[in-house]
Structure formats: C-alpha cells, structure tokens
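Enquirer: When you get a sec, could you build the whole thing from the sequences and use the hints?
Start counting the sequence shown at 7; every next residue gets the next number (the numbering used here).
Hints were generated in silico from the structure; no laboratory data involved. Any given hint could turn out to be false.
So the derived label-pair ranges between C-beta atoms look like this [claimed, not checked]:
(1) LYS39 - GLN17: 45 to 53 angstroms
(2) THR16 - THR36: 40 to 48 angstroms
(3) HIS10 - ASN41: 42 to 50 angstroms
(4) GLU9 - LYS39: 37 to 45 angstroms
(5) SER8 - SER40: 41 to 49 angstroms
Predicted, not measured: the structure shown is a model, and the values here were computed from it. Quick reminder that beta carbons are idealized off the backbone N, C-alpha and C, glycines included.
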Amino acid sequence: MSEHDHNAFTQLRARIHKQVEMLKAILESTQSKSNERQWLRHQTDGDLDDRK
Numbered sequence: 007m008s009e010h011d012h013n014a015f016t017q018l019r020a021r022i023h024k025q026v027e028m029l030k031a032i033l034e035s036t037q038s039k040s041n042e043r044q045w046l047r048h049q050t051d052g053d054l055d056d057r058k
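Expert: Spelled out as structure tokens, the structure:
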C-alpha cells in the first residue's frame, strides 16, 4: 500500500467511522433480541408454546 493509498483509506475511514459504529450497535442489538425471544417447546412455565 502506497502512502497515497494509506492516506486515502485513512480519510475515508474517518468519514464513515461513526456510521459503522452505529450499524454495529444496531446489528448487535438485533442479534441479542433474537436470542432473547426464542420459543422453548413443551414448556409448562415461562414462555408458553402457542403451537400446541
């Protein structure tokens, strides 16, 4: 990587850093919510199985 390429990359990265961090937070939040809300089949308490 030349010095010019490095400078261009650094400038681009600095401009999009905030958006990348926001996207990471959104994706992590979505992942944790999907893990929280998994249905457990054949349970007598907690989240009940509506498919029965």
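Enquirer: Kindly confirm whether 41 to 49 angstroms is satisfied by the beta carbon distance between SER8 and SER40.
Expert: holds, 43 angstroms
Enquirer: Holds or violated: 37 to 45 angstroms for the Cβ distance of GLU9 and LYS39?
Expert: holds, 44 angstroms
Enquirer: So the hint says 40 to 48 angstroms: do the beta-carbon atoms of THR16 and THR36 match that?
Expert: Between THR16 and THR36, where Cβ atoms are some 30 angstroms apart, the hint is violated.
Enquirer: Is it true that HIS10 and ASN41 lie within 42 to 50 angstroms of each other by Cβ?
Expert: holds, 44 angstroms
Enquirer: I want to verify a distance hint. Is the separation of the beta carbons of LYS39 and GLN17 within 45 to 53 angstroms?
Expert: violated, 35 angstroms
Of the numbered hints given earlier, the model fails hints 1, 2; all others are met.
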